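Following the hints, put chain E in place on chain P, whose structure we already have.
Quick mapping for you: the protein sequence lines, in order, are chains P and E. Note that the first sequence covers residues 1 to 116 in this note's numbering. Note that the second sequence covers residues 1 to 114 in this note's numbering.
Treat the hints loosely; a few may be bogus.
In the DSSO-like style, the derived pairs of lysine-lysine whose C-alpha atoms are separated by at most 30 Å in a straight line are [stated by the list, open to error]:
1) E:Lys22 with E:Lys52
2) P:Lys70 with E:Lys19
3) P:Lys55 with P:Lys78
4) E:Lys19 with E:Lys9
5) P:Lys73 with E:Lys52
6) P:Lys108 with E:Lys40
7) P:Lys78 with E:Lys44
8) E:Lys22 with P:Lys70
9) P:Lys78 with E:Lys36
Partial chain E-side listing against chain P, Cβ under 7 Å, derived [claimed, not checked]:
10) Tyr10
11) Leu11
12) Tyr33
13) Leu43
14) Ile45
15) Ser48
16) Asn50
17) Lys52
18) Thr59
19) Phe105
20) Gly108
Note that these hints are calculated values from the structure, not bench results. Since the structure is predicted, the reported quantities are computational estimates derived from the model, not experimental observations. All C-beta atoms, glycine included, are put in the ideal place defined by N, C-alpha and C.
Below, each chain spelled out in residue letters.
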Amino acid sequence: AQTVTQSQPEMSVQEAETVTLSCTYDTSESDYYLFWYKQPPSRQMILVIRQEAYKQQNATENRFSVNFQKAAKSFSLKISDSQLGDAAMYFCAYRSAHSGNTPLVFGKGTRLSVIA
Amino acid sequence: DTAVSQTPKYLVTQMGNDKSIKCEQNLGHDTMYWYKQDSKKFLKIMFSYNNKELIINETVPNRFSPKSPDKAHLNLHINSLELGDSAVYFCASSPHSPRGAEQFFGPGTRLTVL
Numbered sequence: 001a002q003t004v005t006q007s008q009p010e011m012s013v014q015e016a017e018t019v020t021l022s023c024t025y026d027t028s029e030s031d032y033y034l035f036w037y038k039q040p041p042s043r044q045m046i047l048v049i050r051q052e053a054y055k056q057q058n059a060t061e062n063r064f065s066v067n068f069q070k071a072a073k074s075f076s077l078k079i080s081d082s083q084l085g086d087a088a089m090y091f092c093a094y095r096s097a098h099s100g101n102t103p104l105v106f107g108k109g110t111r112l113s114v115i116a
Numbered sequence: 001d002t003a004v005s006q007t008p009k010y011l012v013t014q015m016g017n018d019k020s021i022k023c024e025q026n027l028g029h030d031t032m033y034w035y036k037q038d039s040k041k042f043l044k045i046m047f048s049y050n051n052k053e054l055i056i057n058e059t060v061p062n063r064f065s066p067k068s069p070d071k072a073h074l075n076l077h078i079n080s081l082e083l084g085d086s087a088v089y090f091c092a093s094s095p096h097s098p099r100g101a102e103q104f105f106g107p108g109t110r111l112t113v114l
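Chain P extracted, bound-state conformation:
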């Protein structure tokens, strides 16, 4: 079974600075997806960024980028120019690509605080 590990329960960053959240995963599959979801206090799950395992290029979405190291099974999220609205729980998630209805496997989350 696949597992996802987020080793940082809490992180903090100064406004306008950069922070990196860590994620590692364990799988024997070669084709899968990785995601970062954000959960603000409203509890809505918001997709931040996703990465297809077959793509070598790291995904970017505005201030958010990932460092995907397939051999090391590592998938970290970098947030640049941090804003107060970035404060939230961040979840790393894995999804097998072997069929169209596999569920997400989540890490335990990292709570990010942004200091003004």
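Below, chain E without anything else, positioned relative to chain P:
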């Protein structure tokens, strides 16, 4: 327009009661899911349905019974509620295509069992 909706958003009830949570998606997706988020914020899959058929049942007590009347709806009925059932329950949906990887989440239902 709300893509994935859940009702109610909050549910407070007594131990032993039976309750239901409803989920609807207007995205035309074939697959729907229920996830449970516990008090430590850990999210875990409970069930997944594809086109009204149960695909995954992750060792959830049989007091939990999902029902999918059509592929746009997936309801969760819980019998004989226990204190440990207190959690946030999320409904999600995704297209069936293997390359359509993103799941869209509802707003969650916070269930409190007293």
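Here is how each hint holds up against the structure:
Between Lys22 (chain E) and Lys52 (chain E), the direct Cα distance comes to roughly 15 Å. Compliance with the 30 Å bound is thereby established for this hinted pair. Simply put, Lys70 (chain P) and Lys19 (chain E) have alpha-carbon atoms about 44 Å apart, too far for the 30 Å limit, and the pair is violated. Restraint check for Lys55 (chain P) and Lys78 (chain P): satisfied, since their Cα atoms lie roughly 18 Å apart, inside the 30 Å limit. Restraint check for Lys19 (chain E) and Lys9 (chain E): the C-alpha separation of about 13 Å stays at or below 30 Å, so the hint holds.
Pair hint Lys73 (chain P) plus Lys52 (chain E) does not hold up; C-alpha atoms about 35 Å apart against a cutoff of 30 Å. The suggested pairing of Lys108 (chain P) with Lys40 (chain E) holds, with an alpha-carbon distance near 8 Å, which does not exceed 30 Å. For the hint linking Lys78 (chain P) to Lys44 (chain E), the alpha-carbon distance of about 25 Å falls within 30 Å, and the restraint holds. Under the criterion of a C-alpha separation no larger than 30 Å, the hint pairing Lys22 (chain E) with Lys70 (chain P) is inconsistent with the structure, at around 39 Å.
A distance of roughly 27 Å separates the Cα atoms of Lys78 (chain P) and Lys36 (chain E); the hinted pair therefore holds under the 30 Å criterion. Proximity of Tyr10 (chain E) to chain P is violated relative to the hint, the smallest CB-CB distance being about 11 Å (cut-off 7 Å). Hint on Leu11 (chain E) is violated. Least Cβ distance to chain P is approximately 14 Å, over the 7 Å limit. For the restraint placing Tyr33 (chain E) at the interface with chain P, the shortest Cβ-Cβ distance is roughly 6 Å, inside the 7 Å limit, so the hint holds.
Interface restraint check: Leu43 (chain E) against chain P, minimum CB-CB distance 4 Å, threshold 7 Å, status holds. A distance limit of 7 Å between C-beta atoms decides the matter here; for Ile45 (chain E) the minimum to chain P is near 4 Å, and the interface restraint holds. For Ser48 (chain E), the shortest C-beta to C-beta distance to chain P is roughly 5 Å, which falls under 7 Å, so the interface hint holds. Taking 7 Å as the C-beta contact cut-off toward chain P, the hint placing Asn50 (chain E) at the interface holds, the least distance being around 5 Å.
A least Cβ separation of about 12 Å between Lys52 (chain E) and chain P goes past the 7 Å threshold, and the interface hint is therefore violated. Here the hint on Thr59 (chain E) is broken, as its CB sits about 12 Å from the closest CB of chain P, past 7 Å. Because the beta carbon of Phe105 (chain E) sits about 4 Å from the nearest beta carbon in chain P, less than 7 Å, this interface hint is met. Proximity of Gly108 (chain E) to chain P holds as hinted, the smallest CB-CB distance being about 5 Å (cut-off 7 Å).
Checked against the numbered hints given earlier, this structure breaks hints 2, 5, 8, 10, 11, 17 and 18; the rest are met.
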